[in-house]
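Chains as they are written, first to last, in my numbering: chain A, 1 to 206; chain C, 207 to 310.
There could be a bad hint or two in this list.
[To be verified] Which residues of chain A face chain C? A few of them, derived with a C-beta cut under 8 Å, are:
| no. | residue |
| --- | --- |
| 1 | Tyr46 |
| 2 | Leu75 |
| 3 | Val137 |
| 4 | Met193 |
What the hints contain is simulated information worked out from the structure, not anything from laboratory work. C-beta: ideal position from N, C-alpha, C; glycine also.
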Amino acid sequence: MSESVTAMGATMEPSPYGMQSKKLTMWLFIASDAVTFGSALFGYSYLRVGASDWPRPFQFFPSIVNGMVMTAVLLTSSLTMLGAVSAAKAGKKAACLKWLGATVILGIIFATLHLREWFHMFADGWSLSKNPMGGPVIFGATFFSITGLHLLHVLSGIIALIVVGIGFQTKWLDENHVETTGLYWHFVDLVWMFVFPLLYLMNAAR
Amino acid sequence: MADSGSSHQPEPQMKSYVLVWIGLLFIAGIEVFMTYRGFSVHALLTVLLILAFLEAGVALLYFMHLKYDRPLLLWSFVISIIFVLAMMNQIWPDAYRMVSIGHH
Chain A
1 MSESVTAMGA TMEPSPYGMQ SKKLTMWLFI ASDAVTFGSA LFGYSYLRVG ASDWPRPFQF
61 FPSIVNGMVM TAVLLTSSLT MLGAVSAAKA GKKAACLKWL GATVILGIIF ATLHLREWFH
121 MFADGWSLSK NPMGGPVIFG ATFFSITGLH LLHVLSGIIA LIVVGIGFQT KWLDENHVET
181 TGLYWHFVDL VWMFVFPLLY LMNAAR
Chain C
207 MADSGSSHQP EPQMKSYVLV WIGLLFIAGI EVFMTYRGFS VHALLTVLLI LAFLEAGVAL
267 LYFMHLKYDR PLLLWSFVIS IIFVLAMMNQ IWPDAYRMVS IGHH
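Given the sequences, and given the hints that come with them, work out the whole structure.
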């Protein structure tokens, strides 16, 4: 039977992992969530490849350009998250909180751009079960469910970052909590690296 | 501070992260460029998936620190995820069969 060891107040995994339990738990969650997104994206890709009349609704401007901006914003938020983790580990609380704040703001910008894209599509007649261009109606179901699941992760991450920021400031949480939350945020960015090319670029209007 | 599973490799500086960030933006730009090269659906999907996995690998190794953590963490998760994704990858022949029989 494995024994947990407490080091500096944190539960540690025994050898061979030898890391804090919360970090290993976050990695386990990331692995399961990766398979969830992987199966959703594979299911979508199967339908996409198997349909000769799959709609391509995304014009370069504004849709693909919007997607490019969203990609840049999310990648930059990963960079600011790294700044927060580095500052936290160096004991620079004020710097860490500024970097966390920047990450939250970039996350909110991403979510806003995403929702704006959605509302434009709704106005054009798209929904979970409607395709104004003709062809497979399931385009809407796959697009909105996958991007919606990702957006839910982004919003959850924003809330987590705010909680961790407040906790770090009040010393309720420490730098390892910042690092663990950072892992989640990078995972959200990593998922977008698949969502953008598969759901937007594969459906770009030619 | 408390051990977080480090394999004692030196932690990268912010400058390294910025270089990785620039690289990831560049790969994303290549994806957009490839989209308008006139590839078939199959070819475009292949190219985009390769580039996406490349981006993901770089993000995992550098942003998520797998390069600097214990190798066991890397091999435990990466191998199992690769196995699952490889199993899922068997769907493509059936997807192309649907097109060839005019299912849609």
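Checked hints:
The beta carbon of A/Tyr46 is positioned within 8 Å of a beta carbon in chain C (closest approach about 5 Å), and the interface hint is therefore held. Among the interface hints, the one on A/Leu75 holds; its C-beta lies about 5 Å from the nearest C-beta in chain C, closer than the 8 Å criterion. Given the 8 Å rule on beta carbons, the hint for A/Val137 is violated: about 11 Å separates it from the nearest Cβ of chain C. Against a cut-off of 8 Å between C-beta atoms, the interface hint on A/Met193 holds, since the closest Cβ of chain C lies about 4 Å away.
Figure legend: structure checked against the earlier numbered hints; the only hint not met is number 3.
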